[in-house]
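Q: Sequence:
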Amino acid sequence: MNRGVYSVIQTPLDSNDEIDEKVFETEINWLIKCGVKGLVLAMVSEVMRFSAAERRSQWQIVLRILDGRLPLIVSVGGESTAIAIQLAKAAEADGASALMATPPASFPATSSEIYSYYTSIIEAVKIPLIVQDASNYMGQPLELELYGKLLEKYGDTRVQFKPEAKPVKERMAALQEIAGGNAKVYEGQSGLDLLDTHPLGLVGTMPGAEIPWAIIALWEALEANDLARATAIHACVKNLVAFQPTIDAYVAVEKYLLVKQGIFTSSRQRGPVSITLSDQTKKEIDLVFSELLKVVGS
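Residue numbers (the working numbering): 5 to 302.
Simulated from the structure, these hints should not be mistaken for lab results.
Every value quoted in this text rests on a predicted model; they were computed, and no experiment measured them.
Don't be surprised by glycine CBs; every beta carbon is placed ideally from N, CA and C.
Be a bit skeptical, because a hint or two may be false.
[Claimed, not checked] With a Cα cut of at most 20 Å, we get these calculated EDC-like pairs of lysine to aspartate or glutamate:
#: 1; residue 1: K264; residue 2: D252
#: 2; residue 1: K37; residue 2: E224
#: 3; residue 1: K41; residue 2: D252
#: 4; residue 1: K264; residue 2: D24
#: 5; residue 1: K41; residue 2: E29
#: 6; residue 1: K157; residue 2: E181
#: 7; residue 1: K93; residue 2: E149
#: 8; residue 1: K157; residue 2: E174
#: 9; residue 1: K298; residue 2: E224
[As the list claims (entries may be wrong)] Derived Cβ-Cβ restraints for the label pairs, each shown as a range:
#: 10; residue 1: E22; residue 2: A178; range: 20 to 28 Å
#: 11; residue 1: T285; residue 2: G184; range: 39 to 47 Å
#: 12; residue 1: D283; residue 2: E149; range: 26 to 34 Å
#: 13; residue 1: D283; residue 2: G72; range: 21 to 29 Å
#: 14; residue 1: G72; residue 2: M142; range: 27 to 35 Å
#: 15; residue 1: R274; residue 2: A232; range: 36 to 44 Å
#: 16; residue 1: T269; residue 2: L291; range: 30 to 38 Å
#: 17; residue 1: K170; residue 2: A113; range: 17 to 25 Å
All chains, please: the whole structure from these sequences, using the hints.
A: Here you go:
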């Protein structure tokens, strides 16, 4: 997979809480036009609010729309190793380019059990697995020793990483020290940590799908070592992420902005949710969004 921005896509829902395939196609074609390097189905895609059968239908719809134009990374994390393996095998069979998995969050597991969880997923398939530490939102931080053991056993192509536990910069630096600088790592905080982590050997970033044009501009500025432009864009992105302290908030803000840009026709989420955007909050988001447009430019 190429270096760059891999958008975690939002899932449009109709009034019956079913996937709106027509709007999904609009979103995916827009992201391709914006220039993302690949698509991801993960937590802000609401995968945890879909049944296993629905999750498979979700990625099959995306793969059909993509028709090979971009790689698709599919999150297969589950609350048991058995569930994760079933999802992983199905995603590989259906044509996913890579997998991603969070550890179980509802039931704390021992270090050896988490290691077994990830090795079981990796050995059930032939495509790469991205180990996602989403402990900012769910569960406990993964131990850095786990990263080293997986790298030693499977190599830096077969197993890759999306570390989101804080402090992100310090933990990512420690990971690269363990890996001798060769770990393939993705930033996962909607661009929030890109200024700090891009110099640490990132191969990409996995933000939401609502402002791909801005995150691509930020990534390209960092690749070109244009720190002035990168800092200006990052300041606006940081102000936008401030409205997104939880997974539900991420989804709410991202869907709101997709509606605002004419990509989505509804900001409906699968409930129950922990947050709804007030009119005042929407006005504040609009101000930050307008500033971001100015800073990024054409």
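Q: Now look at each hint and say whether the structure bears it out.
A: Going through the hints against the structure:
no.: 1; hint: K264 x D252; in the structure: holds, 18 Å
no.: 2; hint: K37 x E224; in the structure: holds, 16 Å
no.: 3; hint: K41 x D252; in the structure: violated, 25 Å
no.: 4; hint: K264 x D24; in the structure: holds, 17 Å
no.: 5; hint: K41 x E29; in the structure: holds, 17 Å
no.: 6; hint: K157 x E181; in the structure: holds, 17 Å
no.: 7; hint: K93 x E149; in the structure: violated, 27 Å
no.: 8; hint: K157 x E174; in the structure: violated, 24 Å
no.: 9; hint: K298 x E224; in the structure: holds, 17 Å
no.: 10; hint: E22 x A178: 20 to 28 Å; in the structure: violated, 43 Å
no.: 11; hint: T285 x G184: 39 to 47 Å; in the structure: holds, 45 Å
no.: 12; hint: D283 x E149: 26 to 34 Å; in the structure: violated, 48 Å
no.: 13; hint: D283 x G72: 21 to 29 Å; in the structure: violated, 43 Å
no.: 14; hint: G72 x M142: 27 to 35 Å; in the structure: holds, 33 Å
no.: 15; hint: R274 x A232: 36 to 44 Å; in the structure: holds, 41 Å
no.: 16; hint: T269 x L291: 30 to 38 Å; in the structure: violated, 24 Å
no.: 17; hint: K170 x A113: 17 to 25 Å; in the structure: holds, 21 Å
Of the hints listed earlier, those the structure fails to meet are numbers 3, 7, 8, 10, 12, 13 and 16, in rising order.
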